Amino acid sequence: MKMLWDLFFSFFKVGLFTFGGGAAMLPLLQAEFVERRKWVTDSELMDFYSIGQCTPGIIAINTATFVGYKKQGKIGAIAATLGIVTPSIIIILLVASILSKYMHNPYVIHAFAGIRIVVVALILDAVVRLWKQGVKGRFGWGMFALSLLLLVAAGLSPVMIVILAGVAGYAFQLYLRRKRS
Amino acid sequence: MIYALLFWEFFKIGLTAIGGGMVTIPFLLDLADKYDWYTKGELMDMIAISESTPGPIGVNMATYAGYNTAGIWGGIVATFGLVLPSLVVIILIAKYLFAKEEGGFLRQALFGIRPAVLALILFAGWELARLSLINWQSVLIAIVSFGLIRWLKWHPIVYICLAAVIGIVFEL
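Listed in order, the protein sequences are those of chains A and B.
Under the numbering used here, the first sequence has 175 at position 175, and the numbering climbs by one with no breaks.
Under the numbering used here, the second sequence has 161 at position 161, and the numbering climbs by one with no breaks.
Any given hint could turn out to be false.
[Said to hold, decoys possible] The calculated lysine-lysine pairs, modelled on DSS-like cross-linking and capped at a C-alpha distance of 30 Å, are:
no., chain 1, residue 1, chain 2, residue 2
1, A, K2, B, K12
2, A, K136, B, K153
3, B, K40, A, K132
4, A, K74, B, K12
5, A, K38, B, K95
6, A, K101, B, K95
7, A, K74, B, K40
8, A, K71, B, K153
9, A, K71, B, K40
[Said to hold, decoys possible] To spell it out: a stretch of chain A is covered by chain B in this simulated footprint if at least three of its residues, at any positions, have a beta carbon under 8 Å from a beta carbon of chain B; those stretches are:
no., segment
10, 25 to 36
11, 94 to 101
12, 164 to 171
Since the hints were derived computationally from the structure, they do not count as laboratory data.
Predicted model only: the values in this text are computed from it and were never measured.
Ideal Cβ positions, reconstructed from N, Cα and C, are used throughout, including at glycine.
Chain A on its own, in the form it takes in the complex (with noise of 0.2 Å):
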């Protein structure tokens, strides 16, 4: 029980102090877990990490699942994982509230018509980071292109779209492998 609960605090701890993505996170997982508790090894976080990165779901979230794992199981990656939402549910349901009442006021719709500049700009870095390690070569400019396609002619969802790219890409694995040997 002790256990549990220190799976969930210190994941709250880490929650409350991670300000945007996954990889804003990795410094603060390291000093909580792999220094100051000895939980994990350095090793084993990136690897965590990594995995994370290429499973369903918040980067965050599959990192957290894992760590409670291995300390507590199935019992420990559920406290990790609430950990690690709560602080979100918490502040964001608190500044969400109070926001709406202020969401006439002059002042703040001129500062939210500055930030929603500034969002497309952010969004496009986003792409520009993940370039690089999302699009490999021929193949990856092609679903790429395909994707784009698919999305703007033909107007599939989202959803639909991934699941079409992660079949294609495992047919195109299939058929490296089969052509090498």
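The hints should help you fit chain B onto chain A, whose structure is shown.
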């Protein structure tokens, strides 16, 4: 039943959004199209606030979108919908991972998924840009801020706060 629908939609996002918080944006945009839960403009506010508050962006956005749709319980239900697939999938993987290392099917599928996801995010960015880049001033601000983001690589909060000030000063 709005809660069941919220849970289901965010469960699907949790299952298919591979690669972190920003990846959920095209899926959230899709929901804005499909239901009248929140507008695309509100989605942009949610992105900005989720980047500037503590917690992983993906979780923050789910809570926010759920709250906008159905109040406090909506926020909680959406978040748990998003989290559940991770929990199940990782527990399954962890079981085998500690035994053998191969990522198997998923690692190969990723070869196709990663470029597709980038197309999704780019297209979502384009759709949102059409809403907020409405005159030459806003296009100019977007270009300059993109340059600064790439060049200085400061935390997004800095640019979001600056943009708020610019918005107020120039009455955008």
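Status of the hints after comparison with the structure:
1. K2(A) to K12(B): violated, 34 Å
2. K136(A) to K153(B): Holds, at about 24 Å.
3. K40(B) to K132(A): holds, 29 Å
4. K74(A) to K12(B): Measuring from Cα to Cα gives roughly 22 Å; hence the hint holds.
5. K38(A) to K95(B): OK: K38(A) and K95(B) at ~21 Å, within 30 Å.
6. K101(A) to K95(B): violated, 47 Å
7. K74(A) to K40(B): Violated, because 38 Å separates the two Cα atoms, which is more than 30 Å.
8. K71(A) to K153(B): violated, 36 Å
9. K71(A) to K40(B): violated, 41 Å
10. 25 to 36: violated (count 1)
11. 94 to 101: holds (count 4)
12. 164 to 171: holds (count 7)
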